[in-house]
Amino acid sequence: MGKSKKKAKSKSAKKVKSLASKAKKKKSWGAKETKGKERLRRALLIPEDVQEQILNDLPKMKYITSTQLSIKYGIKISVIKPFLKELEEKNRINLVLTNSRIKIYVHGTKKEAEAAS
Numbered sequence: 031m032g033k034s035k036k037k038a039k040s041k042s043a044k045k046v047k048s049l050a051s052k053a054k055k056k057k058s059w060g061a062k063e064t065k066g067k068e069r070l071r072r073a074l075l076i077p078e079d080v081q082e083q084i085l086n087d088l089p090k091m092k093y094i095t096s097t098q099l100s101i102k103y104g105i106k107i108s109v110i111k112p113f114l115k116e117l118e119e120k121n122r123i124n125l126v127l128t129n130s131r132i133k134i135y136v137h138g139t140k141k142e143a144e145a146a147s
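Everything in the sequence shown is counted per the numbering used here, starting at 31 for the first residue and increasing by one.
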C-alpha cells in the first residue's frame, strides 16, 4: 500500500543520458548566424543632374531636412549638409529651426518667410 520505488540508476547510465541530451541542445554563447541587413551604399558626390532635380523639387516640399534628401536621392548626409548650407547662403532656402541634431529648412528667402508670418 505504499508507493512503488524507483530503480536506482548507476552513474554510468546517468552520464550516458546527460551526454545524449547535451548533443541535442547545444548552447550558443557567441553571435548567432542570422541573415544580415543589406548595407545601403550612398553617393559621395552629388551629380549635376541630381542637383538640378533637388532644386526643382524644393518648392514642392513643405520642409527640407538633410535626412529627407539623403533617403530620397541616395546621397550621404555628410554630403547633403554642405549643399544645404550653400543653398541657404544663396537664399534659395531658409533655416527655420535648428538644434544639435537637425536643421529644418523651408523653400524661399528670409524676406518671404517674414512676410508670410
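Any given hint could turn out to be false.
Ranges of calculated distance between the beta carbons of each label pair, as one might list FRET restraints [as the list claims (entries may be wrong)]:
{"id": "1", "residue 1": "106", "residue 2": "48", "range": "53 to 61 Å"}
{"id": "2", "residue 1": "115", "residue 2": "87", "range": "55 to 63 Å"}
{"id": "3", "residue 1": "72", "residue 2": "48", "range": "18 to 26 Å"}
{"id": "4", "residue 1": "41", "residue 2": "68", "range": "29 to 37 Å"}
{"id": "5", "residue 1": "125", "residue 2": "80", "range": "19 to 27 Å"}
{"id": "6", "residue 1": "121", "residue 2": "75", "range": "23 to 31 Å"}
{"id": "7", "residue 1": "48", "residue 2": "102", "range": "19 to 27 Å"}
{"id": "8", "residue 1": "69", "residue 2": "48", "range": "51 to 59 Å"}
{"id": "9", "residue 1": "48", "residue 2": "73", "range": "52 to 60 Å"}
{"id": "10", "residue 1": "130", "residue 2": "86", "range": "15 to 23 Å"}
Don't read these hints as lab results, they were simulated from the structure.
Glycine is no exception: its CB is placed at the ideal position from the N, C-alpha and C atoms.
Tested hints:
The hint said 53 to 61 Å for the Cβ distance between residue 106 and residue 48, and at roughly 55 Å that hint holds. One distance hint, 55 to 63 Å for the beta-carbon pair residue 115 and residue 87, is violated here, with the actual separation near 18 Å. At roughly 53 Å, the beta-carbon separation of residue 72 and residue 48 lies outside the given 18 to 26 Å, and the hint is violated. Checked against the hint of 29 to 37 Å, the C-beta distance between residue 41 and residue 68 comes to roughly 53 Å, which is inconsistent with it.
Distance hint for residue 125 and residue 80: a CB-CB separation of about 22 Å, consistent with the stated range 19 to 27 Å. Range check, residue 121 to residue 75: Cβ separation about 24 Å, and the 23 to 31 Å hint holds. A hinted range of 19 to 27 Å is violated for the C-beta pair residue 48 and residue 102, which are about 59 Å apart. The supplied range of 51 to 59 Å is broken by residue 69 and residue 48, whose beta-carbon atoms lie about 44 Å from each other.
A C-beta distance of roughly 58 Å is found between residue 48 and residue 73, which places it inside the suggested range of 52 to 60 Å. Hint check: residue 130 to residue 86, Cβ distance near 31 Å, so the stated range 15 to 23 Å is violated.
Of the numbered hints stated above, those contradicted by the structure are hints 2, 3, 4, 7, 8, 10, listed in ascending order.
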